[in-house]
Amino acid sequence: MVQDLGYLKESPSQTAGPYVHIGCTPNFAGITGVYETDLGTTMVNDKTLGERIIVRGRVIDGAGVPLKDALVEIWQADAAGLYNSPSELRGTADPNFTGWGRCPTGAEDGVFTFETIKPGRAPYKDGSRMAPHITVWIVARGINIGLHTRMYFGDEQQANAEDPLLARIEHRHRVATLVAPRDGSVYTFDIHLQGEKETVFLDI
Amino acid sequence: MSDLSNKKPETGAFFQRDRAWHAPALTPGYKTSVLRSPQKALLSLDGTISEITGPVFGHSLLGELDNDLIHNFAKPGESAIGERIIVHGRVLDERGKPVPGALLEFWQANAGGRYRHKKESYLAALDPNFGGCGRTITDEDGSYRFRTIRPGAYPWPNGVNDWRPAHIHFSIFGHGFAQRLITQMYFEGDPMIWKCPIVTTIPDKSAIEQLIAPLDWANTIPMDARAYKFDIVLRGRRSTLFENRMEGN
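For the protein sequence lines, the chains are V and H, in the order given.
Sequential numbering from 1 applies to the first sequence in this note's numbering.
Sequential numbering from 1001 applies to the second sequence in this note's numbering.
These are calculated hints, taken from the structure and not from any lab test.
Even glycine gets a Cβ: it sits at the ideal position worked out from N, Cα and C.
There could be a bad hint or two in this list.
[Stated by the list, open to error] Quick look at which bits of chain H chain V covers, simulated, 3 or more residues with Cβ under 8 Å: (1) 1074-1087; (2) 1092-1100; (3) 1136-1148; (4) 1228-1237.
[Claimed, not checked] In silico lysine-lysine, BS3-like type, Cα no more than 30 Å apart, as pairs: (5) V:K68 to H:K1195; (6) H:K1097 to V:K197; (7) H:K1075 to V:K197; (8) V:K9 to H:K1097; (9) H:K1229 to H:K1075; (10) V:K68 to H:K1118; (11) H:K1031 to V:K9; (12) H:K1040 to V:K9; (13) V:K125 to H:K1007; (14) H:K1118 to V:K9.
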């Protein structure tokens, strides 16, 4: 016998189900008067530093149909590459930027939209710099455990070429699944759950 | 994390997730998972600053009735119909450490098993005094509590006669975005738990049991509400003592 490590097991995930909006975006679900606003609706204000952008996309199933009951959350650094989190010890992030957003996919068109800013570059563990990116988390009915991925920026070719995570994608044609093309101030990030264009999901 | 605390925030990467403990992505008994499950291997990434950080939510966010589902949607002087219960417990990490400041959001059906949602078509009645959502933030010792009614079971279109056991959905934020978790709480003694195609997506019986809240007789409030205790475990994180220093540290 040896000593017991005494670790606990993580609570098993269960699907967010079809009614995730009741809990996470009740105003969107038509349950008004409980919370003033839905959390994560606004990431920026008038004073937020950085380039204003819109991130828009869909979550598409294996039959090519966009999910109309998914919930997408994003988490990102500010314009200087700092996170608005107590675990950020490199400096103080822009107090006018939350870094976190939440958006249900549209009940009619399945589209999610975030009004945010383009993040700066943050360091990888070895001190090299990651390309600007947004951490994305997707939950929905039929998804047993939330899916993590990242969105990179289509107009950051040089930075993307140096990015340590993108470099680790073995099948190079799949890198494109994480890179959102730019059109004006809009980046389009479609997330494919399955199939030829399946997005690279992360075990982080 | 309180400004008065002089504890340094932890910055270690999280323990690798034990994927065998969770449901796999593809669980054909739960039909919706078939077209919504990634088929390729996940790309493993030891946590970077992007995942070991996460948003925090201050207690000032909370309204007085946010943790009282019996009253937070009810007309003045009225309350939701159903068996009154208290749900309480602690949010811990895999090391057994409390997770203070964790935002919990919960949602559930009413006592008849009906959700207040436009896509819901079950014939059970809506309760005009029950919305079905609530939230709270854990204390310094990781503890939380809220008041609600015990939700009803309900049928759902999967097999012709599949029913969900009574359950409460939980969404939990820890201190890092990699800890983000959504799960469901079930009630001790409910025979329907083991018949549910969503519950049984989880392969391990003891993992399922981790989601079943026992009746907590000691904390039951006489002449008012029974208590159920539901502890939630988020991923643990490594000590940073031996980690490579990150740029700028």
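Exercise. Quick check: which numbered hints come out false for this structure?
Worked result: Numbers 1, 3, 6, 7 and 14 - these are the hints that the structure violates, sorted from lowest upward.
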